[in-house]
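*Asks:* Sequential numbering from 1 applies to the sequence shown in our numbering.
Every clue listed holds true.
Each pair of labels, with its calculated beta carbon distance range:
no.: 1; residue 1: ALA3; residue 2: GLY47; range: 21 to 29 Å
no.: 2; residue 1: PRO120; residue 2: PRO230; range: 23 to 31 Å
no.: 3; residue 1: PRO230; residue 2: CYS171; range: 17 to 25 Å
no.: 4; residue 1: ALA146; residue 2: ALA18; range: 17 to 25 Å
no.: 5; residue 1: PRO230; residue 2: ALA3; range: 20 to 28 Å
no.: 6; residue 1: ALA109; residue 2: VAL1; range: 25 to 33 Å
no.: 7; residue 1: GLY123; residue 2: ALA194; range: 23 to 31 Å
no.: 8; residue 1: GLY121; residue 2: ALA18; range: 32 to 40 Å
no.: 9; residue 1: GLY20; residue 2: ALA86; range: 18 to 26 Å
no.: 10; residue 1: ASP50; residue 2: GLY15; range: 38 to 46 Å
no.: 11; residue 1: PRO200; residue 2: GLN119; range: 28 to 36 Å
no.: 12; residue 1: CYS16; residue 2: PRO200; range: 35 to 43 Å
Simulated from the structure, these hints should not be mistaken for lab results.
Note that the Cβ used here is the ideal one computed from N, Cα and C, for glycine as well.
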Amino acid sequence: VLAIQVVVHIIQNDGCVAGGLTDEQVASQITVMNEDFRALADTPGDGGVDSGIEFVLASLDPQGNPTTGITRDCNTVWYNDPSPCAYCAALAWDPARYLNLYTNTAANARGYVPFLPAQPGAGVGTSLDRVVINTLAFGRPGPIPAHAGGRTVTHEVGHFLGLYHVYFNGCGLPTPPDCYATSDLLCDTAPDAAAHDICPVGASGCNGVLAPIENYMELTDDGCLERFTPEQVRRMRCTLQHYRPGLATVPAIFSDGFESGGTNLWSLTTG
1 VLAIQVVVHI IQNDGCVAGG LTDEQVASQI TVMNEDFRAL ADTPGDGGVD SGIEFVLASL
61 DPQGNPTTGI TRDCNTVWYN DPSPCAYCAA LAWDPARYLN LYTNTAANAR GYVPFLPAQP
121 GAGVGTSLDR VVINTLAFGR PGPIPAHAGG RTVTHEVGHF LGLYHVYFNG CGLPTPPDCY
181 ATSDLLCDTA PDAAAHDICP VGASGCNGVL APIENYMELT DDGCLERFTP EQVRRMRCTL
241 QHYRPGLATV PAIFSDGFES GGTNLWSLTT G
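Using the sequences and the hints, build the whole thing.
*Replies:* Here it is as structure tokens:
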């Protein structure tokens with residue numbers, strides 16, 4: 001099991017009126033992340049694949065001082081999430097050691113990450129390396145019914161760990177090795193032509209296949225989302241090994257070539 005230390009930076013407006021979250025709400029979000037990434041029994045995600053990745057609030061800050069893993073600041077400019085990032089340099093804990101998770105307006109989105117780790121020129125390990133979540137989509141239960149389950153964070157941390165949307169680049173090509181170079185660059189996620197919202201049971205994806213509306217990397221409502229696939233898990237662990245090696249203590253995860261890009265050498269049967 002790979003444990004990732006999380007620091008949650010709660011950013012409110014001047015006067016600390018909007019954007020507040022309690023320690024209990026933060027703890028509830030960490031619980032959701034672990035339910036989803038570990039596919040824990042008797043949780044909404046228990047039908048998915050256990051990634052062997054867990055999340056814990058940091059107990060020591062970068063200077064080695066005890067901490068709750070939660071920081072709080074009241075600054076309207078920061079709260080409105082300007083671009084370029086106005087708060088990153090001031091607030092970020094060492095991004096090579098901590099997952100920096102910020103809550104504010106998320107530029108009026110539900111959440112985002114600024115880049116995927118494997119993208120050319122990505123700022124992995126810089127103060128810009130972060131996950132940003134709209135306060136209204138953080139924690140369980142949240143105030144927006146469709147997104148009250150905390151799964152916006154699950155989705156965005158999936159991006160942080162290297163996953164694309166399941167509909168990325170459209171249908172792509174359905175069979176190996178082509179499916180590793182098209183769509184979301186994985187072969188065991190059902191191909192989809194476009195994003196879905198709400199929870200459209202029975203929605204069509206590509207070539208008569210049902211859309212993967214239950215996948216955490218879709219945009220459906222929280223109550224619809226319940227799984228990562230085996231190859232998504234492999235990509236996330238690959239990302240930890242190759243792009244974020246200091247974020248968790250990573251052993252030699254697999255030795256079949258998948259982590260080095262040799263997807264043609266990998267099969268579900270050999271692990």
